[in-house]
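A.B. asks: Residue numbers for the sequence shown follow the UniProt record's numbering, so the first one is 1 and each next one is one higher.
For the record, the hints were derived by calculation from the structure and aren't laboratory data.
A hint or two may mislead.
[As the list claims (entries may be wrong)] Result set (SDA-like, lysine to any residue): computed pairs, CA atoms no more than 25 Å apart in a straight line: (1) K65 to P120; (2) K101 to R53; (3) K65 to S131; (4) K101 to V137; (5) K101 to N142.
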Amino acid sequence: MNTRTWWGVIIILTLIVIALGWILFATPAPVAAPTVTPTVNEEPSEEVFDPSRPLHERVSVTSPKSGSSVEKTFTVEGMAPGNWFFEASFPIQVRDPENSKIGQAIAQAGADWMTTELVPFTATITVSNYSGPATLVLLRDNPSGLPENDDALEIPIVVQ
């Protein structure tokens, strides 16, 4: 074979390699739909995954109950969606009827918080120099500071 033929073969092979490379990298890979796997051997409740419900409606406080009397130092327990937390915590406040802050604490996640499922939490709050009706306020942790990410759950209590 002469030189001219070799150059023709090299050019054709180069074009084939370029075409195959373009086909390989230009076509997007198929993307599978995300799946949700429950962490327990049961079906997840619909309320956990219902995006139409406001986030604060998915927070569940088991202690103290609405309207209950609490000591000056009490524990708050419940479940909240993972996206209520930031770095496994969120703030809790106690406010008097004039909306003044009379106590605060940081609730800590009791399990992996990087999920949209409900995550258990606990916090211990001390209220000093106050007794009477108050409001327990669970605030969604919002490190961005954007008002559209603010959310809160308010529970009436009575401090003894």
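A.B. asks: State for each hint whether it applies.
C.D. replies: Right, here's what the structure says about each hint:
no. : hint         : in the structure
1   : K65 to P120  : holds (16 Å)
2   : K101 to R53  : violated (28 Å)
3   : K65 to S131  : holds (17 Å)
4   : K101 to V137 : holds (10 Å)
5   : K101 to N142 : holds (19 Å)
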